[in-house]
Amino acid sequence: MKNIVTPITDEVINEINVGDMIYISGYIYTGRDAVLPKIVKLIESNTLGQAGIDLKGSVIFHTAVSPAGVGPTSSNKLEIEGNIPALSKAGVKLHLGKGELSRKTVEELDKYNSVYAVIPPVTALLGSKILEQKPVAFLEEGMEALHLLKVDGFPAIIAAAHGKTIY
Amino acid sequence: MKQNEQVINKVKDALVQAGSSFREDKKEAYCNAIINETLPRAKWALETILENANVAERNHSPLCDDTGIPHLFLEVGPDRNITGEFLEAIKTGVARGLRELPGRPMAIKGDDNQRLDQSGGLDEDPGALLPAPIIAKPVAEDVIRLHVLMLGGGPAIRGKTYRVFHKHNVSVVTDEIISWARESVALLGCSPCTLAVGIGRSQFEASSMMIEAMVYGNYNVQSDLEKLITEKVNESNVGPIGLNGKTSVLATFLKVGPQRASGVRIVSLRPCCCFEPRITSVLL
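First to last, the sequence lines map onto chains A and B. So the working numbering is basically just the index in the first sequence, starting at one, shifted up by 406. So the working numbering is basically just the index in the second sequence, starting at one, shifted up by 236.
Simulated from the structure, these hints should not be mistaken for lab results. We put the CB at the ideal spot given by N, CA and C, even for glycine. Honestly, I wouldn't trust all of these hints.
Dumping the calculated DSS-like pairs for lysine-lysine here, alpha-carbon to alpha-carbon at most 27 Å [said to hold, decoys possible]:
hint	chain 1	residue 1	chain 2	residue 2
1	B	K482	A	K444
2	B	K482	A	K570
3	B	K279	A	K570
4	B	K279	A	K535
5	B	K345	A	K540
6	A	K408	B	K482
7	A	K556	A	K510
8	B	K263	A	K535
9	A	K408	B	K279
10	A	K483	B	K396
11	A	K483	B	K345
12	A	K447	A	K535
On the chain A side, residues computed to face chain B include the following (Cβ under 7 Å) [as the list claims (entries may be wrong)]:
hint	residue
13	S472
14	V476
15	G477
16	L531
17	P541
18	G559
19	P561
20	I563
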């Protein structure tokens, strides 16, 4: 198992390969269908900073944050996968979710030196590894708002990196 | 009218247990799958899912953040009576269980249109999530036994209820089930699955049989048909959480109901995710 700590540098990404089993620690964002398109609009209007969001070297975990905990939703949903390229271009280094991504998305990830990892849907286990959590933006979305988590050792496996995929 | 507090508390506890623990036969199935897997990442995924179940059981916390929609299956003995008050007590127990687990707040507010397009917003109370209509079944045993099942959204998206023209050949029906299952398990992302299959005379009956299959299914007791379906779907090599491997499906739970004198069978398939069936049974 490799330990990955946020913020993630290009050098760290260069050392990551498809099939690597990793532990992720540090601050990570969460977002899914409802909020990711809104984040991309902030990127396009160059207002990310005003919203208190810094995507450089970041991780985005495709999950809601509810009283029941966190767990990955399918990353190949249109409004999630469709925004992965723009988020990668803006600095997201690791997209964390579940399910197979298209060949096109795998190539876009490579273009921006970003990777995709699959995390098992293990809510109870993940809950024991969350140290802090707070909503950051688009609070009106409730559990689907952009949240920031501080995590210690989220387990995952690299499913797409450098143009290659596990599927 | 005063509700039966004892019934309410038993239902509440059953719901929490259903959402936070694996049955013993399921734990055993996972242990066997871990032994049989040779691909390290598949073995790792299975071990992580089992570890999650142990943490959830210890903490009485949700196995998955999609805590599911409560489905209730009631067995009623020959000399037992069910009243409206009793059913209300069950409903109250479900609401309290959802608050205690806690369930994910997923109840959609509003009128028909608002509930369809979700414009009415979500109710923040986990207990506002109503259970699906109760299925009641007469049994020979002199008991009232409630089975609480928590059904998540992923398997609902990938499930299918449709007609199969059987051509007077069992293999035609099982081949169709295997074909549906291979497709749905690959798309689910939360494998290994347990395939719940009901076969009946109408969509309603097939779906009811599918629920009954989950209620009475056992990982250690598999019929030849169930074994065949499991083996054929496992040949797809989808593996745990889609990472390839031998264990795409842990088992198949199949319930064949009464059948119509015709060339058609109605089949309902639910590719239960790696945590399902989330189920507990309690005597009331």
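(request) May I ask which of the numbered hints given earlier this structure violates, with the numbers listed in increasing order? (result) Hints 1, 7, 12, 17, 18 contradicted; others consistent.
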